[in-house]
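Counting from 473, one number per residue, gives the positions in the sequence shown under my numbering.
Relax, there's no trap hidden among the hints.
Listed below are the simulated DSSO-like cross-link pairs for lysine-lysine, each with C-alpha atoms no more than 30 Å apart in a straight line: (1) Lys521 - Lys542; (2) Lys618 - Lys666; (3) Lys561 - Lys542; (4) Lys545 - Lys521; (5) Lys559 - Lys603; (6) Lys559 - Lys521; (7) Lys561 - Lys486; (8) Lys666 - Lys545; (9) Lys542 - Lys475; (10) Lys559 - Lys618; (11) Lys545 - Lys486; (12) Lys521 - Lys475; (13) Lys492 - Lys521; (14) Lys666 - Lys559; (15) Lys486 - Lys625.
The following label-pair restraints were derived from C-beta to C-beta distances: (16) Gln682 - Arg494: 36 to 46 Å; (17) Lys666 - Met473: 40 to 50 Å; (18) Thr527 - Ala608: 46 to 56 Å; (19) Glu646 - Met614: 15 to 25 Å; (20) Lys545 - Met598: 19 to 29 Å; (21) Val628 - Asp504: 24 to 34 Å.
To be clear, the hints were calculated from the coordinates, so they are not data collected in a lab.
Ideal Cβ placement from N, Cα and C applies to all residues, glycine included.
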Amino acid sequence: MPKILVMFDGAVIKEVELSKDRTTLGRRPYNDVVIDNLTVSGEHAAIVKSGTVVTIEDLNSTNGTYLAGKAVKTQVLQNGDVLEVGKYKVRFEADQDGDNFEKTMIFKPPAAMPPAPAAPVLAAEMHGSIKVLSGAAAGREMTLTKIVTTVGKPGVSVAAITQRRHGFFVHHVEGNDRLLLNGAQVGEEPTALKSGDLIVLAGTQMQFFQH
Numbered sequence: 473m474p475k476i477l478v479m480f481d482g483a484v485i486k487e488v489e490l491s492k493d494r495t496t497l498g499r500r501p502y503n504d505v506v507i508d509n510l511t512v513s514g515e516h517a518a519i520v521k522s523g524t525v526v527t528i529e530d531l532n533s534t535n536g537t538y539l540a541g542k543a544v545k546t547q548v549l550q551n552g553d554v555l556e557v558g559k560y561k562v563r564f565e566a567d568q569d570g571d572n573f574e575k576t577m578i579f580k581p582p583a584a585m586p587p588a589p590a591a592p593v594l595a596a597e598m599h600g601s602i603k604v605l606s607g608a609a610a611g612r613e614m615t616l617t618k619i620v621t622t623v624g625k626p627g628v629s630v631a632a633i634t635q636r637r638h639g640f641f642v643h644h645v646e647g648n649d650r651l652l653l654n655g656a657q658v659g660e661e662p663t664a665l666k667s668g669d670l671i672v673l674a675g676t677q678m679q680f681f682q683h
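From just these sequences and the hints, can you work out the full model?
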């Protein structure tokens, strides 16, 4: 039976067999696979089985579902594919019979392989960082190496900075202390960032840079 491995920082925290035709992933407790993290939407994604074909579907999540560095809406999964769901990675493993079939499909047509390095090249051309301008951590600079980086103080105010193919975006995640971007309030809709933008969150001033 096919299964998924939910991983965080390289460690497997959940192993789930895909026994149902539709398996949902999300932060809400009614999902089949609950990932309790603010970077994961309440109803984030679904894994759908149709015969031997397994497909990932993004359920209009806030931060998106990524495969090989690219945002996907609906995508057929191959054995060994690793999805990025917020700060978590989800590895798909086909069942034993499907495994052998998948390997034949992957390695037989070498012409399909060269495009794969394109995603890292695109990501390498775009670098972002946040520099803290006020408070105890003033002067500290944080490189934005992940697809989703959360900043702020849990329980006070938290924002998420998301890296997409065409730039960086920021949105408010939780807290009554609203996120300010260049003096304007930002809500839960992602807003594009420009190099030099000033961010104020939970009383702390930060500046975004894109290199």
